[in-house]
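Engineer: These are the residues of each chain, in order.
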Amino acid sequence: MDPHPNTVAARAEAPEVAWARQLLAGDASAFTPFVESFQAKIFQYTWLMCGQREDAEEVAQETLMRVFESFDQLRDPAQVKAWVFRIAKNYCLMKRRKSVFAPTRELSLDELHPNHDGDGQTLQVADAAERPDAAMLRGELGERLERALRALPESYRSVVLLRDVEELSTAETASILEITEDNVKQRLHRGRLALRKELAGYLEAVQ
Amino acid sequence: MNPRQAPDPECQDIFARLSEYLDGELSPEEAAHFEAHIAACPPCVEFVESLKKSIDAAHRFHSPCAPEHVPAEVAERLKKAWAASLARRGPEK
Ligand SMILES: [Zn+2]
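Going down the list, the protein sequences come from chains A and B.
If you're matching positions, the first sequence starts at 1 in this note's numbering and goes up one per residue.
If you're matching positions, the second sequence starts at 1 in this note's numbering and goes up one per residue.
For the record, the hints were derived by calculation from the structure and aren't laboratory data.
A virtual CB, placed ideally from N, CA and C, is assigned to each residue, including glycine.
Among the hints, a few may not be true.
The calculated label-pair distances, taken between Cβ atoms and stated as ranges, are [claimed, not checked]: (1) A:Asp72 to B:Ser27: 37 to 47 angstroms; (2) B:Asp56 to A:Thr180: 24 to 34 angstroms; (3) B:Val45 to A:Arg147: 22 to 32 angstroms; (4) B:Glu49 to A:Asp110: 17 to 27 angstroms; (5) B:Gln12 to A:Ala171: 20 to 30 angstroms; (6) A:Thr32 to B:Pro42: 48 to 58 angstroms; (7) A:Glu13 to B:Ala83: 23 to 33 angstroms; (8) B:Pro64 to A:Asp110: 25 to 35 angstroms.
Taking the hints into account, I'd like the entire structure generated from these sequences.
Structural biologist: Quick look at the structure:
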């Protein structure tokens, strides 16, 4: 098996890093792709952390404004994503203070075990005529994943969003969330286990 | 992998630390040890595969609610802020 499917070193330079280099050099052709890509990323993070569409749109715009106002201070384009998310997370927190805070619950390894209460419902696929097509299942998976992410305690959710959805490193995630790297690793693993448990049946049917 | 059956401590260890393995955070010795166990343990293979699938789904996740475009007047303000920031930096390089 491939042991390291998602280490940073294994991937080519991310497009946003190249766009950041271009923007630092004054190349306006990178402006629209940079803005649209980060707007979607910040929106998605805030949407899943705050749950309010208007908040997520505002946070995305406020973050991008702050990013461009201080663009000359971006020292290392390779760090652009972590830099943007550090700003976004602070705006997101400001929104959250206004909303009701759910108490954070710790997930124990025991409750995340396969078959503890049974894995997420398995799709019963009777015969070819009733089999839903792959695209529909993927769409359904997206919705299920979004619901499963929302159901995570928020300290786990923020880590899973930054590490697995945005593919930031452990060190970057620790710095953005102001927690230790060990804490990132522990929350990530439990968050992943919870998502796996929730999605197991669907994933079998889709892939 | 079922805690109600007598749990194999090695399976439990893999359950507790699989992310460290997948993220390349184990020592080569520990990783080799994991691999040797997994190669001979069908329930662990199944578990590893399902966790990898779930992580992979997260990598590909895009919220269907995210807007694709930025309103033109917002883009205009952002562009001005960018230009002003670069101008402040001065014409070096
Ligand atoms: Zn095993």
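Engineer: Which of the listed hints are broken here?
Structural biologist: Going through the list in order, the structure violates no hint and respects every one.
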